[in-house]
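Novice: Read top to bottom, the protein sequences are chains A and B.
Going by our numbering, the letters in the first sequence line up with residues 1 to 144, in that order.
Going by our numbering, the letters in the second sequence line up with residues 1001 to 1135, in that order.
No lab work stands behind these hints: they were computed from the structure.
As the structure is a computational prediction, the values presented were derived from the model and not from experiment.
A hint or two may mislead.
[Unchecked claim] In silico EDC-like pairs for lysine to aspartate or glutamate, Cα to Cα no more than 16 Å straight-line: (1) B:K1086 <-> B:D1097; (2) A:K138 <-> B:E1012; (3) B:K1020 <-> B:E1104; (4) B:K1038 <-> A:D53; (5) B:K1121 <-> A:D53; (6) B:K1121 <-> B:E1012; (7) A:K85 <-> A:E98; (8) B:K1038 <-> A:E50.
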Amino acid sequence: MSFLRTMSISGSGLTAQRVRMDTIAQNIANASVTRTANGTPYRRRVVVFETRDDAPDFAGLLNKEYENVKGVEVTAILEDPSPFKRVYDPEHPDADPEGYVNLPNVDTTKEIIDMMSATRAYEANVTAFNASKSMALKALEIGR
Amino acid sequence: MNWIFARTSLLEQGLNASWKRNKIIAENIANIDTPGFKASRVEFESILADALEGMVIQGKKTRKGHMDIGPGSISSIQPVVRQDTKTTMRMDGNNVDIDREMVELAENIIRFNAQAQLISKELGRIRTAVQEGRR
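Next up, chain A with everything else stripped away, as it sits in the complex (with noise of 0.2 Å):
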């Protein structure tokens, strides 16, 4: 059902973009967290899209109506490898002997343009999606 499979390209954006505003609720979340289970400070988390490339199902490949269909997906949420922020703060428990305290590698501001982005991203999807779904009906209503 060819109708069907366009619904899902816009369904696959919209999963890519809502992981990636959760990992951006994330990182905001952790911006002052000097100690996670692995002893350093939080690092920044990014996420990875790429083109999904459907592979044909079996009813597909024996119609030969197969079309490629190209949804996006999340392939890997990274760490940021960039460096930490170095704070003067002598009183922190977790301040090195000079007395600085490494704070993780998160920038609000770029987070919530990030955000704004990831948002904006969503509705185009959503707006896509509706798209498809009043051409499909309409296409149920010819002939009426």
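Go by the hints and put chain B onto chain A.
Specialist: Chain B only, in chain A's frame:
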């Protein structure tokens, strides 16, 4: 028998092209943040217009075994997907222009609805003819 539905089948081709375009636009929008993704476009109306206006070279068939030169009959014209691999919009190599995609999406819905309505009307006319004008 087939000539009754000659017009609806032509409109059906247009409908298929619009549906395919919708799919391509959905792909472009879904991949708005994918690094290195290149947007695709569906061409159909321009190919059809060229064929209708005789803007393409058309081979005349004088014998049965001759092959087609040019697009052949109008009914054999298929939508073509072209990928724009030359341009880049951003640093990550992606070239999806969201404004253009949204405009084309809106245009495409209207075009699709118009074609669907035309098919409905045409079927209504055939029905009227079949029923000899009675309701």
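Novice: Hint by hint, note whether the structure agrees.
Specialist: Quick rundown of the hints versus the structure:
{"no.": "1", "hint": "B:K1086 <-> B:D1097", "in the structure": "14 Å, holds"}
{"no.": "2", "hint": "A:K138 <-> B:E1012", "in the structure": "13 Å, holds"}
{"no.": "3", "hint": "B:K1020 <-> B:E1104", "in the structure": "13 Å, holds"}
{"no.": "4", "hint": "B:K1038 <-> A:D53", "in the structure": "14 Å, holds"}
{"no.": "5", "hint": "B:K1121 <-> A:D53", "in the structure": "39 Å, violated"}
{"no.": "6", "hint": "B:K1121 <-> B:E1012", "in the structure": "13 Å, holds"}
{"no.": "7", "hint": "A:K85 <-> A:E98", "in the structure": "15 Å, holds"}
{"no.": "8", "hint": "B:K1038 <-> A:E50", "in the structure": "12 Å, holds"}
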